[in-house]
Each structure stands twice: as structure tokens, then as C-alpha cells.
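*Asks:* What follows is each chain in one-letter form.
There are 2 protein chains.
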Amino acid sequence: MRTLIDDAVILTMDDKEPIVNRGYIDIEDTVIRAVGSSPMRPRDRAVYDRIVDGTGRMALPGLVNAHTHVGMMPFRNYASDLPLETWLFEKLFPMEDKLREEDIYWTARLGIAEMLRSGTTTFADMYMFSDVLGDAVAETGIRADLARGLQCFDDEFDIDTDTRMQEARALYRQYHGAAEGRITVRFGPHAVYTCTPRYLQEVAAAASDLGTGIHMHLAETSKEHRDCVETYGKTPTQHLAELGVLDVPVMAAHGVHLSAEDRSLLQEHQVSVVHNPGSNLKLGSGVADVPALQRAGINVCLGTDSVSSNNNLDMIRELYLAAVLSKGAFEDSIGVKAHEALKMATLYGGRALGLDSIGALRAGMKADLILLDIDQPHYYPLHDPAAAVVYCGGGSDVHTVMVDGRILYEAGEFLTLDIEKAKAETRRISEDLFRR
Amino acid sequence: MRTLIDDAVILTMDDKEPIVNRGYIDIEDTVIRAVGSSPMRPRDRAVYDRIVDGTGRMALPGLVNAHTHVGMMPFRNYASDLPLETWLFEKLFPMEDKLREEDIYWTARLGIAEMLRSGTTTFADMYMFSDVLGDAVAETGIRADLARGLQCFDDEFDIDTDTRMQEARALYRQYHGAAEGRITVRFGPHAVYTCTPRYLQEVAAAASDLGTGIHMHLAETSKEHRDCVETYGKTPTQHLAELGVLDVPVMAAHGVHLSAEDRSLLQEHQVSVVHNPGSNLKLGSGVADVPALQRAGINVCLGTDSVSSNNNLDMIRELYLAAVLSKGAFEDSIGVKAHEALKMATLYGGRALGLDSIGALRAGMKADLILLDIDQPHYYPLHDPAAAVVYCGGGSDVHTVMVDGRILYEAGEFLTLDIEKAKAETRRISEDLFRR
Chain A
1 MRTLIDDAVI LTMDDKEPIV NRGYIDIEDT VIRAVGSSPM RPRDRAVYDR IVDGTGRMAL
61 PGLVNAHTHV GMMPFRNYAS DLPLETWLFE KLFPMEDKLR EEDIYWTARL GIAEMLRSGT
121 TTFADMYMFS DVLGDAVAET GIRADLARGL QCFDDEFDID TDTRMQEARA LYRQYHGAAE
181 GRITVRFGPH AVYTCTPRYL QEVAAAASDL GTGIHMHLAE TSKEHRDCVE TYGKTPTQHL
241 AELGVLDVPV MAAHGVHLSA EDRSLLQEHQ VSVVHNPGSN LKLGSGVADV PALQRAGINV
301 CLGTDSVSSN NNLDMIRELY LAAVLSKGAF EDSIGVKAHE ALKMATLYGG RALGLDSIGA
361 LRAGMKADLI LLDIDQPHYY PLHDPAAAVV YCGGGSDVHT VMVDGRILYE AGEFLTLDIE
421 KAKAETRRIS EDLFRR
Chain B
1 MRTLIDDAVI LTMDDKEPIV NRGYIDIEDT VIRAVGSSPM RPRDRAVYDR IVDGTGRMAL
61 PGLVNAHTHV GMMPFRNYAS DLPLETWLFE KLFPMEDKLR EEDIYWTARL GIAEMLRSGT
121 TTFADMYMFS DVLGDAVAET GIRADLARGL QCFDDEFDID TDTRMQEARA LYRQYHGAAE
181 GRITVRFGPH AVYTCTPRYL QEVAAAASDL GTGIHMHLAE TSKEHRDCVE TYGKTPTQHL
241 AELGVLDVPV MAAHGVHLSA EDRSLLQEHQ VSVVHNPGSN LKLGSGVADV PALQRAGINV
301 CLGTDSVSSN NNLDMIRELY LAAVLSKGAF EDSIGVKAHE ALKMATLYGG RALGLDSIGA
361 LRAGMKADLI LLDIDQPHYY PLHDPAAAVV YCGGGSDVHT VMVDGRILYE AGEFLTLDIE
421 KAKAETRRIS EDLFRR
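Residue numbers (our numbering), protein chains in the order written: chain A, 1 to 436; chain B, 1 to 436.
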């Protein structure tokens, strides 16, 4: 199957040629064969099975949402604008206890639909019922990294009998490399304040045994920082480093409250930090100093966190926030530049997940890409395509979404899922859940 | 002409009944007659000339963009991510000098299209060529408050011979109350650092003579604050108060760098502050402490600023930013609540402009309203309609826009302007401008 996307503005995320003002993308099955300048000669066009007209469109690598919890879909916009502890302990946790595996089937599909519709082609998830989510990933054609969320408050706990840990290992065995390689699996210890030191070490050892990594929360709030210093005499980052947890590949979500020493440790251990600006703002956690992280040589990528703290899954809003918060919060009009914000949402996300074949449009990369409709008022005039997406764009501009060479969303239509059913069922499940 | 909008979720911005979960809006000509609960009896529906189906829609008062510069449309995404002074003095000002009156005709229409398309029904503008913009307002049916931008660096300057001031007075005479009352005019002295004290006093006197107000920039950057203290021994707010400028109705854009005493002065003089979170972030100006302004009893409304510093005109993004920045920048998960952010973008904007008949949906108010399409993935489940718009919504969700009882935008169609021509001409003008 040969596909040609022709005559689009292309943001490649490839430093050799970052922008092609009128270009084509030549795709064979799941892989990009070439990116070049349009127009292509008519006789060269004859070889393609499918030609996608890119006029009035901007092509980008598909976005990588490197931190979310899709299973939380039923809790979107539930209990907003409350003190953090009230929201979490009085509102959210009791509802999460009522969540059942069968609730995930359709809500996961709605979450995937929302991500596709706003340009995400790969997401990294940490939550319960990851196997049900894995099936939804396989079926809908999106790419994902899954982690079963893990917690342990009791150091005498036996990790071998821990149901969650058993689920995590089973998830790895069953789903790592599944769905034509679109699924990867790692371990998801929640955070330093929800896992004992011994448990963290055992999870890291399990990850190391299987040759995979860890996806966890780190340095999200000042309370986490203070409590950790009080309990262990160390910052959360120091604590993890000393436990050896950072010796496996770690993707650390948040990184809001970090010292210069913390940043050095993260860089030394090649930890990727997932910036979640929307969630950090909404929960009042603060603003991560992304320029400082980048100056320290840390790979910083982007995530939305869940719809319970964001409250949507629009990665274009996140990359906008990454670019403007890095300026406004630090009174620096340069901060994270537009092109760099786009790399955080694409190439650097792939890097964090250990996927070096996604996040850029060039020969040999996976055909994971999106086309934005730039024939809209907010894209005129188009002086600077990267700035236009970052400062003017939004998830709703996405017109076409391709993963592994397969179109999953196009012009309002979801080609691999029943969106009407997903919406109706999410409403029904959510109502039912709140009556339980 | 009787119009019925039936069976919508309605956010009224009226404290007596903030949300009608399934409601109707009864409109006669330009005014709302009633807001009530659906379903309406079939025989009651017979009186309407037009019935708009509100199923799957959320109705809100039209949004009020209380600070923008529509004439800057050709400079969108030009010279991003630069030091502030470079952007302003080396890039923007030289291009502004090349701007001609004929450039405004189509670019103003594109700006109005962008605002309508994202739910703005009233905007307050300060710039050059305000009369051309006034004609575009009259023609397109939007509501606007116009101010000719004023500057004076020389205290010996004769205000009677100042061309800008003459234009400002002519603008008032010709456009104040024009377009069936949809246009109001005030004076637009740029800022304390671009107007001499005597000039500011003379502008305030002129506004007072005509019984109108002032729209100006105030306390945008820490540099403005420092320079003013250095030059006049006073903060910008103190300076204006002592000059008597605050004795006329003032709408002050930005208000990022204010002391507690400044806030008291603003409250005392009933100055409305226009919060421009997107622009303040992008230019690295900082984050205005909106909760502190509100605690001081100040009317705080919202604006986008221009596409040169935002870089779009989407008020739903601004109200999102107002809500989340007030939490994240101050590590407080409550901050500006969703419903309050919506009021800033509607009712409080009307109040700032002295328009008490816009900004809420209740009997007797102007029929300025919008319908959002909430039958989209990011609105499921809909636990809390206000939170849903604020935390999940975006300008692209806007489906229908009505001003003064007249539908100006509906389902992708602009009913009062030629959008294809506006886009093409904006591109042409912008290219031409950069070649001059």
C-alpha cells in the first residue's frame, strides 16, 4: 500500500529540514519512504494507491501524550475548583473505588477518540484495568505505552502476592509488543508517597528483569517535596536515586518542584520528565521550570494527565501552555520556543518511551502523522507555521490522523470506533457510577 | 421577529438561576423576553418565526473581548520568541509604520470573523484606522467599543493640533451610538510611558467633556512599573490617580504589576481591569493576581490583546487561562472558579464597557448569545456545564452566534461577511506589507 500526502505545509521535527513549505510525504505500508518538495511530477504520482490532498493542510508528526490515565474518563469535570485534598480524598478516591472493569470498555474508546480527534497518535497510560485499555488500543489502531498503577503503603507487604504486581507482570507478558508492535508495557509505581522504599526497589528490580522501564509521578506538589524531606531526609528525586530506582529507564511525570541537584540526578540517570502544564495549573501544583530542565540536559516531553485534572486530552493546548508558561511564569519572552514545544510533544515524547521511530517526519520513520486544517481564520496570515500551530492552534484543527500508515480519523469521521456508542455509553456509565 | 432557542443547556450568568439544564430562550427582535425550562408546549411554540433546536448545544451570553487591537491582524505570528524589546522596537514598530488605511478593510473583517467564530459578540479595540473598523462593525453586525490609540512624548505638544486627537474626537462624533447603538467610542491614551502627564490630563478632560471613558494599558510589565517609579516617583496607578485620569471611567488593560495600594486606588476609582492572560504569558510580562484584584473589589474582565501577542482571538482560551493560572501560579487549587471565569468573559466585560444590557441571559437583556456544540468527545460526561466550557472547551466549539437578535455565524457559515475573500485578502495584504 503506497500513500502520498501531497502539497501540504510540513513541519518535520527533523533539524536537517524543519519546514517544507509545499511538500509531499511518501508512505509505504507503515513507514515513511520520503519527504520532499511538491509538486510531484504526474507520472511519479501513478504508483500510489491513495493520494491525500494536502492543500490547506499542515502535516506534523502525530502527537505523543506521555502521561495520562484514560480510565478516569467518567470523572471529567467532577468536583472542580475545590481544595486539592478535598477533591482527591473526599471526592475522587471514593468514586474510583466504585469503578469496575466493564466501565472501561467504552470510556477507554471515548478517551482514544478524544485523543485521535486532537492529534495524539501515541499515549502513555498508568491506571487500573490496563488490559481492557490494551484491547481498545489494539482495536482502534492508536499506539500506546501501558503501565498498571502500583501502590504499597506497608513495607511488610509481600510483593509476590500483590494482585496489582501480578496484573502488571501479566500485562507485560500479554501486551508488550502486541497490536503489531503498537503496544509497549512498563511498570507504574505511583509515587514516593504511595510506595514504600522496599516496594519501589522491588518494582524497579522487576522492570529491570524484564528489560523494561518505569512510569511514575515525581515532584508534583510542594507537599510531596516537604513530606519526603521530612520522612526520608531527602527530596523525592534523591530518594529514588538512592533506592536505585533511577537505574532503570524512568519516565517521571510532573517535575514541578525540583532543586538544581535533583535536575543533575535526573540528567545523570537519563530520566525523561513529562511536563503536564494543564494539570499542574488546574490542581494548583505550580509551574515546572522547563527551561531549567532543558538547560540541565534533561529530555522533557509532554502529557495531559487525566481528564479529572486537566480536563481534556488536547495535546495542542498542552504544547501551547508549555511554550507560554515558560515565558510568562519566569518573565522571559523567549522561554520554550514554538518549534521546541512541538518537539516536546512529538520527538521527545518518542524518546521518553524508547521509541526512536516516531516523532519526526523523515524517511524510515513510522507513518504516525496528522494533518491540520489551516484554511481557518486563525491561521491567516501564516508567517510562521510552527508559531501558528503553537500559539493559535488547537486540537479541533486536526483533520486527518494516521498511525502506522493507517488513517484512523478523517474529516470528522472515526474509522475504527463507534463514536456515537462511545459517547452514549460514557454518559450512561458515568450516571450509573455516581448512583452506585 | 420572534425567535425560540429550545432545549439547550443554558448558562445564564444570572445568579438567580445560573444553570438551566434543559431550557429555552425566547427572543423578540433584539431582546430576550424570557428564559425558561423546556419542553415548551407545542401550542406555545406556534408564535415563533424561527425555532433553533438547542439539542446537544450549550447556550451562553456572547463573550466580551475587552482589550484587543484588530488592526494588527497582518502581524500574527510574525517575530515570535524574541526578547521583548527586539520584537517591539526592531520588528513590530517598523512594520506598523508601513500599515495603510486600505490594509484594514479586509483584515478587520477577518479579525471580526475570527472573533465571531470563537464566540465573541462584543469587543473593545484600541488602534489606528478605527473608523474603517467601525464600518466593518456596522456591516458585520458585531458589537464594539472603539478607541483611537493616542500617544504623546512631548509635553510642549499642542493637543488641539494633534492629528490623532482630532481623529479620536471625530470617531466619537461619527460612531458613538452608531450601527443601531452597537458601537460605543472612548479615548485610548496608550500608557503612562507613551503619554506625557499633561497629555494624559488633556485626554481625560476631553473624555469627561464628551461623557465617555478611557481605554488604556496599565501596569503591563515590571519595566513599566520601575520606569514610572524612577521618572515620577510613583507607580503607574498612583501617577494616573494623581493626574485625575482615574476620575473618568477607565478600562485598564493588563494590571499585572500592582501593589496593594494600587489595587485600593483602582477600586476607589471604580477602574475595570482587563486581564489578558495569554498575551501576558506570551510576552513574558508575568501573571496578574486576579484573585487579589477581585478581593479588593475590582471589576476584572478579560481580553485577548492582539494577534501579535496572543496570537489568536479565542476568548474561551482566555477564560480557561484566567481560571487555571489563578490556581497554578499561586499554588491554590481554588483560584478563579469556572463560573467566575465565565462571568469575567461576559457580564463583567459588559460592566467594564458600561453596557448593562449584555453579558447575561435573562429577560430584558440584549439577545447577544452563543451556542456551543457539546455533542463532542471532550464534553462527555457533562457533570458540570460551567467547568466543561472552561476546562475542556475552545472557540472551535462555537456553533451559533447571535448579536442583537441576529444570527451572524452558524454551523461554519458567516452570514454577514465574505470569509473566503477576507482570508485571501489578508494573505495578500500581509505579503504586500512585508515587501514595502
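Just so you know, not all the hints are guaranteed correct.
Intra- or inter-copy, both count: the list cannot distinguish identical chains.
[Stated by the list, open to error] Here are the simulated EDC-like pairs of lysine to aspartate or glutamate, each with C-alpha atoms no more than 16 Å apart in a straight line:
hint, residue 1, residue 2
1, 16, 230
2, 337, 155
3, 16, 180
4, 421, 90
5, 91, 227
6, 223, 332
7, 337, 289
8, 234, 209
9, 234, 413
10, 421, 375
11, 234, 14
12, 337, 356
13, 423, 155
14, 421, 102
15, 423, 373
16, 337, 425
17, 421, 227
18, 423, 90
19, 98, 384
20, 337, 44
No wet-lab data here; the hints were simulated from the structure. These numbers come from a predicted model, not from an experiment.
*Asks:* None of the hints should be skipped; say for each whether it holds.
*Replies:* Right, here's what the structure says about each hint:
no., hint, result
1, 16 - 230, "neither (48 Å within a copy, 48 Å between copies)"
2, 337 - 155, "neither (45 Å within a copy, 40 Å between copies)"
3, 16 - 180, "neither (30 Å within a copy, 56 Å between copies)"
4, 421 - 90, "neither (31 Å within a copy, 55 Å between copies)"
5, 91 - 227, "neither (23 Å within a copy, 48 Å between copies)"
6, 223 - 332, "between (27 Å within a copy, 12 Å between copies)"
7, 337 - 289, "within (14 Å within a copy, 25 Å between copies)"
8, 234 - 209, "neither (27 Å within a copy, 66 Å between copies)"
9, 234 - 413, "neither (51 Å within a copy, 59 Å between copies)"
10, 421 - 375, "between (31 Å within a copy, 12 Å between copies)"
11, 234 - 14, "neither (40 Å within a copy, 51 Å between copies)"
12, 337 - 356, "neither (23 Å within a copy, 41 Å between copies)"
13, 423 - 155, "neither (42 Å within a copy, 64 Å between copies)"
14, 421 - 102, "within (15 Å within a copy, 52 Å between copies)"
15, 423 - 373, "between (24 Å within a copy, 14 Å between copies)"
16, 337 - 425, "neither (41 Å within a copy, 29 Å between copies)"
17, 421 - 227, "neither (44 Å within a copy, 60 Å between copies)"
18, 423 - 90, "neither (27 Å within a copy, 51 Å between copies)"
19, 98 - 384, "neither (48 Å within a copy, 20 Å between copies)"
20, 337 - 44, "neither (37 Å within a copy, 57 Å between copies)"
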